[in-house]
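Protein sequences, first through last, are from chains A and B. Sequential numbering from 1 applies to the first sequence in the working numbering. Sequential numbering from 1 applies to the second sequence in the working numbering.
Worth flagging that the hints you see were computed from the coordinates, not collected in a lab. Incorrect hints may have been included.
[Unchecked claim] Partial list, computed: chain A residues near chain B (C-beta under 8 Å): (1) ASN49; (2) GLY50; (3) PRO52; (4) PRO54; (5) LEU103; (6) ASP107; (7) ASP109; (8) VAL400; (9) GLY421.
[As the list claims (entries may be wrong)] Label pairs and their computed distance ranges (CB to CB): (10) ASP166(B) <-> ARG106(A): 22 to 30 Å; (11) ARG95(A) <-> ALA136(B): 56 to 64 Å; (12) PRO116(B) <-> GLU102(A): 33 to 41 Å; (13) GLY312(A) <-> PHE150(B): 51 to 59 Å; (14) ASP107(A) <-> GLN140(B): 52 to 60 Å; (15) PRO116(B) <-> VAL375(A): 37 to 45 Å; (16) ASP107(A) <-> LEU250(B): 24 to 32 Å.
Model, not experiment: these values are computed from the prediction. Even for Gly, the Cβ is constructed at its ideal location relative to N, Cα and C.
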Amino acid sequence: MASLSSLFDPELLRRYDVPGPRYTSYPTAPQFTPGFGEADLRAVAAASNGDPIPRPISLYLHVPFCTSPCFYCGCNRIITRDKARGTAYLTRLYREIGMASELFDRDRDVEQVHFGGGTPNFLDPLQIAEVMDVLRRHFHFAPGARMDCSIELDPRFITPAEVGELAAAGFNRASLGVQDFDPAVQEAVNRVQGVAQTLGIIDACRAHGFRSVNVDLIYGLPKQTLEGFERTLDITLQARPDRLAIYGYAHLPSIFRPQQRIRAEDLPSPEQKLDLLRLAIEKLGQAGYEYIGMDHFALPTDELARAQREGGLHRNFMGYTTHAESDLVGLGVSAISHIGASFSQNPRDIGGWEQAIDEGRLPVWRGMRMDEDDVIRADVIQQLMCHGRLDYDALGRRHVIDFRRYFADALARLEPLQADGLVELGEAGLQATSRGRLLLRIIAMCFDRYLTAAGGSAPLYSRTV
Amino acid sequence: MSGPGVVFPRSGPAVMADDGDALTFCSTCAFSQACMSEGMDKAALMDLHVLVEHVGPLHPGEHVFREGDPFGAIAAVRAGTVKTYQVDRNGHEQVLGFHLPGEVIGLNAIHDDRYPCNAVALDTVMLCRFSFPKIALLAQRLPNLQQHLFRLMSRDIGVASLFARDNTADERMAAFLIGLSRRLAARGFSPRRFQLTMSRTDIANYLRLAPETVSRVLRRFEQDGLVHIKLRDVEVLDMQRLEALALAVLRD
């Protein structure tokens, strides 16, 4: 693989700093409609049981609560210190788990469980272990070696001993929010988090046999400086997490209300933002990390990096994964399911979700059934996002299409990108250049029927880099 | 592309003709062979064609007929898949067969004047319906047609007894796939790539296996490089070995 430093081309990154989807799914969530309801979810689940070899199941559980608001956050969350809310939430979540489990045949193994938020560790380890018990009662878990059980952790609200309790409950992967260790930045985003505290949790994950630890950092935050961010990177890389995500902060205060508490004059300029990204990429390259895609990096020994080398990388709502396609069941407020060729999403407002559960209904707010074209494009975009290249013959064979004819318009749209050096268009396929790999979204956007139908880019997406 | 033909159940000009006119029958029609092979003059064709009523599209889960309904017509599948089944005294479903384009349903009703089973669309189904009294009358005038009717009926009996024998799960599964492949190929579909329009439970029921066994056997076929399966799509990678496995059931 090319060295990480060749990823960074400031001129290109500037030119293509346009809003675009992150393609954790295709079609993306804005295409979901309320026309897809509970009956549709039941039908697609029944159909998925009818597949000759039904896919394994991945479970996503959303815990919407956070004790304190981080000002940069664009997630769907509820700020509260009232632990009773967690208890009430779990009562309903268990009912949803019960209802959802009845949709699937008993011989379908669960291979992946992910707790996301909000802050999953808003719940205490006993509660989280209880959720796992409920899941095990309703679903059949694959043997330990195949089972990925991950949780997003806020290191400020968990102790090393509690990490042990999570390991005992079956967790073997963790993702830790760090963002930046610089105290000035931490204050500006309302997230004060000690270095020792954070490193202690990483150590505890290792000590308790977690297979991998991921750390999230963010560049582009208020008050961020090159010096401060370099120190953050040094501390982080010293701990050598298996995976690192370097997200770009997207300031959209009109959409994400918490961001209104960030002062625009504290934000780094676009130039400074690019310098921060360049710094991160250089440092990660020196430390031996490989680029996976989007915002994600991993050590060469990590499963993600190995899967990418072997062509077995996938991408879903939980990000990059080594699991071959599975039917994803999202549980909890706002969670998204992806079953067969369909998407469905639970209500984003807690009231709507609670009401559905209380009435004994599967809480479906909106969704969609993919048509044949959606399925083909989803495969193409998945290949791009995971491997940065397309093999026209393989795709044509898989979908029984003449790829070049089917995608003549998309290939035409790619030509200016080729002229700009993002992508190389060949006879048999296309390949993102090393400079183009940070801009995979831009390449993928050329294959997005809904974007081209809309005649441009939708304003609600965050910026590409 | 692997092999000729369209991937079932998609439609294409090669496998799904237009609705036909007085002289041009749908190429998927069960009777096209009888008409075209020999000796059917224009007048006879016209006679046959006026007996045909196009039915559909039927949507998944819609019934063509139910057990006990009075018999009046046989139907040829033009597009899609029809499942025939009975429900026993304990309420258990018994799958009798899957009927693909070009195949006829309702033949087993001739004896009792009532349909002895249920027929349900598994996907979007189009049918040609033939009034039986009229076709029987016509058959007296057209020896070819009569022969063809007999042939269809005897084939129907053969299919039903296929899996009553004492074969391993692997052999039954292989025979099932080879059977589908051959039947689809005969109608111009790709023999190597097709969709399983029936559910795992239906396949299991038909082959007298547990649904988990269907998946286990197919997973093993995949590991052995016989087939590739993604969701409902099947690609036969090693037709020879699959046929060898199926031989114990098919015997030809």
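Each hint tested on the structure:
1. For ASN49(A), the interface hint holds, since its Cβ comes within 8 Å of a Cβ in chain B; the closest pair sits about 7 Å apart.
2. For the restraint placing GLY50(A) at the interface with chain B, the shortest Cβ-Cβ distance is roughly 3 Å, inside the 8 Å limit, so the hint holds.
3. At a threshold of 8 Å, the smallest CB-CB gap from PRO52(A) to chain B is about 5 Å, leaving the interface hint in force.
4. Restraint check, PRO54(A) versus chain B: the minimum CB separation of about 7 Å is within 8 Å; hint holds.
5. Taken as an interface hint, LEU103(A) does not check out: its beta carbon lies about 14 Å from the nearest beta carbon of chain B, beyond 8 Å.
6. The interface hint given for ASP107(A) holds, since its Cβ lies 5 Å from the closest Cβ of chain B, which is under the 8 Å cut-off.
7. For ASP109(A), the suggested interface contact is broken, since its CB lies about 11 Å from the closest CB of chain B, more than 8 Å.
8. This hint holds: VAL400(A) has a C-beta 5 Å from the nearest C-beta of chain B, less than the 8 Å allowed.
9. Checking GLY421(A) against chain B: minimum C-beta separation of about 34 Å lies over 8 Å; hint violated.
10. Remark: the range hint 22 to 30 Å for ASP166(B) to ARG106(A) is upheld by a beta-carbon distance near 28 Å.
11. A beta carbon spacing of about 59 Å between ARG95(A) and ALA136(B) agrees with the range 56 to 64 Å that was offered as a hint.
12. Between PRO116(B) and GLU102(A), the C-beta spacing of about 34 Å keeps the proposed range 33 to 41 Å intact.
13. A C-beta distance of roughly 54 Å is found between GLY312(A) and PHE150(B), which places it inside the suggested range of 51 to 59 Å.
14. Between ASP107(A) and GLN140(B) the Cβ separation comes to about 54 Å, which falls inside the hinted range of 52 to 60 Å.
15. Against the hinted window of 37 to 45 Å, the Cβ-Cβ separation of PRO116(B) and VAL375(A) comes to about 39 Å, which satisfies the hint.
16. Between ASP107(A) and LEU250(B) the Cβ separation comes to about 29 Å, which falls inside the hinted range of 24 to 32 Å.
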